[in-house]
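Number of protein chains: 2
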Amino acid sequence: MAKVILINSFEVPQAKEDECPAFWERAAEYMRRQPGFVSTKLHRAVISGAGFHFVNVAEWESPEHFQKAVEKEEFNDLVAPYMNVFPHYPGLYEVIRT
Amino acid sequence: MAKVILINSFEVPQAKEDECPAFWERAAEYMRRQPGFVSTKLHRAVISGAGFHFVNVAEWESPEHFQKAVEKEEFNDLVAPYMNVFPHYPGLYEVIRT
Chain Z
1 MAKVILINSF EVPQAKEDEC PAFWERAAEY MRRQPGFVST KLHRAVISGA GFHFVNVAEW
61 ESPEHFQKAV EKEEFNDLVA PYMNVFPHYP GLYEVIRT
Chain R
1 MAKVILINSF EVPQAKEDEC PAFWERAAEY MRRQPGFVST KLHRAVISGA GFHFVNVAEW
61 ESPEHFQKAV EKEEFNDLVA PYMNVFPHYP GLYEVIRT
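The listed protein sequences correspond, in order, to chains Z and R. Reading the first sequence from the start, the letters are residues 1 to 98 in my numbering. Reading the second sequence from the start, the letters are residues 1 to 98 in my numbering.
Fair warning: there could be bad hints in the mix.
If chains are identical, the list can't say which one is meant, so a pair holds when it fits in one copy or spans any two.
Said to hold, decoys possible - As a list, the in silico DSSO-like pairs of lysine-lysine whose alpha-carbon atoms are at most 30 angstroms apart:
#, residue 1, residue 2
1, K41, K3
2, K72, K3
3, K3, K16
4, K41, K68
To be clear, the hints were calculated from the coordinates, so they are not data collected in a lab.
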């Protein structure tokens, strides 16, 4: 299957905005070690108060590679403390128009 | 100011999924004619039923260029019929980590 784009939008309480990049760093360090990982970029809203203050956009070789990476216990242990602090809306996408 | 990334996530009812790319084409045609436009990509969810079935990711020379583009009457006339059909969550971002 073709490459896929993960787009994951985060709702981050203003008081926790400094914590999000640090959490992203730890998750990115894990992801870079996984088979099929291509790249990842953390986006921060230019204007404070946006619905989603942070958005992660990552590229993976296939949906299966991404799925395997997030199913591992190491990853679950890593993200568990943040699951409720940062409500997030991940999806896997393909580019259909440019 | 530096380049900015527009990330706009769309909630699209399943029955309207075919209409979204056609709407995007019309909006993209308008955007390409505006000063400061750099690029735009329409992403479609790989798996049906994702929270956001489509995500537009576009690059602009500055927030001011984007703001001017969406304030014009021509753009408002273009998108008005779709505002309630496709609830959407736009934000302007900068890349802070790669």
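Next item on the list: Find the hints from earlier in the document that the structure breaks and name them by number, from lowest to highest.
Entry: Nothing - there is no hint that the structure violates, so all of them hold.
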